[in-house]
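Asker: Sequence:
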Amino acid sequence: MLIKILQSLIFGLPQGLLYGLMGLGLSIIYGTTGAMNFAQGNLGMFGVFAGWTVLVITKSLPFALIAGVFVGALAGYSMNRLLMKRVHTHASMLIITLGVLLVLDGLVLIVWGTEPLLFPDIFSAPPILFTLPEIVNKNAIPLIIPGNDMLTGSTALLSALILILFFKLSKLGKAVQARAQDELGARAVGVSVKKIDSIAWSIGIAVSVLCGFLMAPKTTVTATMLINLQLYGFTAAVFGGFSSLTGALVGGILLGLIEKLVVLGFDELFTVFELSVNAVDFQLSIILVVIIITLAIKPTGLISAKFKGKV
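Numbering that gives the first Met the number 0 numbers the first residue of the sequence shown as 0 and each following residue consecutively.
Misleading hints may appear alongside valid ones.
[To be verified] Straight-line C-alpha distance at most 27 Å; calculated DSSO-like pairs for lysine-lysine:
#  : residue 1 : residue 2
1  : Lys84     : Lys170
2  : Lys167    : Lys84
3  : Lys58     : Lys217
4  : Lys194    : Lys173
5  : Lys193    : Lys170
6  : Lys84     : Lys193
7  : Lys194    : Lys170
8  : Lys173    : Lys193
9  : Lys3      : Lys84
10 : Lys167    : Lys3
11 : Lys3      : Lys173
12 : Lys84     : Lys173
13 : Lys167    : Lys137
14 : Lys194    : Lys167
15 : Lys217    : Lys3
[Stated by the list, open to error] Simulated restraints on C-beta separations:
#  : residue 1 : residue 2 : range
16 : Glu267    : Ile56     : 44 to 52 Å
17 : Val279    : Leu164    : 30 to 38 Å
18 : Lys193    : Leu160    : 43 to 51 Å
In case anyone wonders, no lab produced these hints; they're calculated from the structure. Just so it is clear, CB atoms sit at the ideal spot from N, CA and C, and this is done for glycine as well.
Put together the whole structure using the sequences plus the hints.
Answerer: Set out below in structure tokens:
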């Protein structure tokens, strides 16, 4: 049983890091502007489709990745400048993001069609096998560390840490925090709120595109490719603290680990009772339960935030 638990944790860690990165992108936008962006996944998906198109034309994966992230950042900037800055209520913001979600969904189907598109591996690393000492592993069952998954998780972690440090240490990052904490105070000291909001949207959507690229090789490029990941990211942000960048990352990691452990527990339970039920089918239910419990017990999340927006 110990080996199964450790294997589940190994599989859950890179997945959790991806959840955390997506949650961090959501938190950047929400923490700065107070907007809950339901189009986060679809805006990221649009950038991935753009990157795929560049890849087909140029045959250059690095250029495709850069182009896709740039398109995502531009989409975020345009979203704020053309739409979000014109409204000031949370209800209006929600309606706009839902509208953009539907528009992008239809646009992608018209331009790129309904067939899933294949995206090449970004990383190429063999799995690592190792066996724990006999005292804890009598059957000598090897643990498997997926090479590509670990590199994906490492990229997500590095990207998240760079962003957290950027917002904490850089002059621009501190301006974003000032705007998030006190809009009037930020204006008083010369911070351009419109510029800061556009930067937050650009970075937030660029992060979503990066998540899409990291996930695409394991799945396919489709119009709905980031819908579930957006839900996981939202849960990670709620779990860790929606206005805390560090909280979103920590929440994502914990969520990935909890998810795999609960699935393992259900698998063992179904095996005992000889039920032919796939525990993986309960993953989304687990996410919803985590959201409900977190909001009921600690609505502010696990980590209280200094990077806070409108609540």
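Asker: Check each numbered hint against the structure and report the violated ones by number, ascending.
Answerer: 9, 10, 11, 13 and 18
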